[in-house]
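Peer 1: Since the structure of chain A is already known, use the hints to place chain B on it.
As you go down the protein sequences, you meet chains A and B in turn.
With numbering that gives the first Met the number 0 applied, the first sequence closes on residue 336, and no number is skipped along the way.
With numbering that gives the first Met the number 0 applied, the second sequence closes on residue 336, and no number is skipped along the way.
No lab work stands behind these hints: they were computed from the structure.
Accuracy of the hints is not assured; some may be wrong.
It does not matter which identical chain is used: a pair holds within one copy or between any two.
As the list claims (entries may be wrong) - Computed list of lysine-lysine pairs in DSSO-like fashion (alpha-carbon distance at most 27 angstroms, straight line):
{"hint": "1", "residue 1": "K336", "residue 2": "K187"}
{"hint": "2", "residue 1": "K187", "residue 2": "K72"}
{"hint": "3", "residue 1": "K72", "residue 2": "K248"}
{"hint": "4", "residue 1": "K248", "residue 2": "K41"}
{"hint": "5", "residue 1": "K72", "residue 2": "K167"}
{"hint": "6", "residue 1": "K308", "residue 2": "K72"}
{"hint": "7", "residue 1": "K308", "residue 2": "K211"}
{"hint": "8", "residue 1": "K257", "residue 2": "K336"}
The residues making up each chain are set out below.
2 protein chains.
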Amino acid sequence: MQQTAPLTPQLFFDTISAFQRSAAIKTAVELDVFTRIGEGNKTAEAIAEACDASTRGVRILCDSLSVMGFLDKQNNQYDLTETSAAFLNRHSPAFVGSAIEFIMSPVQTRGFEDLTNAVRQGGSTVSEEGSLAPDSPMWVKFARGMIGMMMPAAQMIAGNLGFEPERKLKVLDIAAGHGIFGITIAQKYQNAEIYAVDWANVLQVATENAQKFGVAARHHLIEGSAFDVNYGEDYDVVLLTNFLHHFDKPTCETLLRKIHGSLADGGKVMTLEFVPNDDRVSPPSEAMFSLVMLAGTPAGDAYTFAELKEMFENAGFSRNEHIPLGSLPQHLIVSMK
Amino acid sequence: MQQTAPLTPQLFFDTISAFQRSAAIKTAVELDVFTRIGEGNKTAEAIAEACDASTRGVRILCDSLSVMGFLDKQNNQYDLTETSAAFLNRHSPAFVGSAIEFIMSPVQTRGFEDLTNAVRQGGSTVSEEGSLAPDSPMWVKFARGMIGMMMPAAQMIAGNLGFEPERKLKVLDIAAGHGIFGITIAQKYQNAEIYAVDWANVLQVATENAQKFGVAARHHLIEGSAFDVNYGEDYDVVLLTNFLHHFDKPTCETLLRKIHGSLADGGKVMTLEFVPNDDRVSPPSEAMFSLVMLAGTPAGDAYTFAELKEMFENAGFSRNEHIPLGSLPQHLIVSMK
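Chain A on its own, in the form it takes in the complex (with noise of 0.2 angstroms):
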């Protein structure tokens, strides 16, 4: 007699709480718990004084944090994992805590609240003061926030440009954010010349991260919506980067046939993107990454590969090549003119 587990309404539960599990981190990223336990705060008492906090507070937002994986507890004492050591230490290089100010922002938050009606209109219920805004300060939270987070997948374009060293090269940065995808790749190319398209607001963002990489004098800026403004020609490489997913396939191919004149012969465009298989289930992240652009814009969506391809194809490119990136949940799409 085969026995089953007994149903439960135990998934729903943790599901319909799991928005408290977001307020926890974000909490303890605000009051920068992991940098200060990483400095050695190890009770609740000591975390509690070294982030101007209650002890009451920190001894239950530490448990909860132990619970969801972020922190060891052994003996009253909390200690980071490797994991939150590495990434939500402020002191750490690979340090992606600020991530929280473009995810968990207002602007992001509120599509969710709102959900059930884009679910009925098929579209972002808040998209004229979202992401599509022009000079929308939600951009320079994403320039300011994601940098870090971004830093792998901006390695690993860089070394998947397969170009020599000392080639010169001239590379459009579309929606240049941080800029951290134009500048790892100016870092690793000496004689790359990048050209960052993005709004006024957010390219101060960018030639500050230029000039903190030591790029600056190669980092170039284009102001204004890649729809609209002049790209110039004869790029090597075009970055895409956490672009098209905000558009229709009539918008994104609009913009890549204007990509496609920018190139120069030989030249390829570079996109990253939120990939799921065509069942659209999976893998997780990708897949999930559909919802958000169905509450914060009013058209976009995360596209498999084989509708990049045919967006792609439709705008003239000739060869087009699907690379996930390892454990990254973006992808690397390497477009030929």
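Peer 2: Just chain B now, with coordinates in the frame of chain A:
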């Protein structure tokens, strides 16, 4: 040589995005997606029509629900899982979907929106309008929303009473809410008389349920705060469900002394609580509940059995038994006068 997986910020990314999952399941229940699928609508188009929503929105929502494990997707058709059929189809007697109306209500979520300040000050920043206010409409939402979720616990409490079936029983149901705990005892014990304490607006819900379950003639009301009203005396059973966690220990002990005085000799208190282990970080659901109390109350907590035992002993109880209830996150504490 040992292979170690590279560190990734995936847990962090999943956690800062977790609120999106809560939003998705809330929307699915609000649009009754599970019920419509259960009725035979399997494609995005059919579900959209049945839910009066857009195909695009439903497709993206149902893909997300499939990723999260609430739906099975095969050949572009969505089907209920065994679990969602049992708990999220409104036609199922075990439907628990309306729990969103309490757990994701603005009063509940507001505390989490300001969790950082709750950690700073050691208690909820919204308590005045929150859980402890008299006649708070929040408790009507609790009563209406949580009855399905509480059915299994109600059955288990009634099953653990340990009295002869024909015995006359006088039962006090403190903070009765939906009333299901007392009602279930009244169903099992034909000679039980239930006295339900709660705010008047909440007791209306309990009365509706007592009528629905055919025990209204033995279901009596005591309107007001459990701290203030006169309970009467000679109770065989006091039900203390989901209540102690809202208060600090001295307040709990004050209440327990009052309860002790209302019990007949040989009477017992049946307490239903989230009871974490002494380490306070396991089991997960029990341990995470402290955070809900930090966000929503001035000084509540998820108490360990050792803490509960001490409170009951200080209030004059002679023996306390800790009974975990299978897979339920809540445990039963039986305390003898």
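Peer 1: Give a verdict on every hint.
Peer 2: Right, here's what the structure says about each hint:
1. K336 <-> K187: The answer is within: 23 angstroms in one copy meets 27 angstroms, while 76 angstroms across copies does not.
2. K187 <-> K72: neither (42 angstroms within a copy, 44 angstroms between copies)
3. K72 <-> K248: For K72 and K248, only the inter-copy Cα distance (24 angstroms) is at most 27 angstroms; the intra-copy one is 49 angstroms.
4. K248 <-> K41: between (52 angstroms within a copy, 26 angstroms between copies)
5. K72 <-> K167: So K72 and K167 fail the 27 angstroms test inside a copy (53 angstroms) and across (49 angstroms) alike.
6. K308 <-> K72: Classified as between; 24 angstroms across copies, 48 angstroms inside a copy.
7. K308 <-> K211: Close neither inside one copy (36 angstroms) nor across copies (59 angstroms); limit 27 angstroms.
8. K257 <-> K336: within (12 angstroms within a copy, 81 angstroms between copies)
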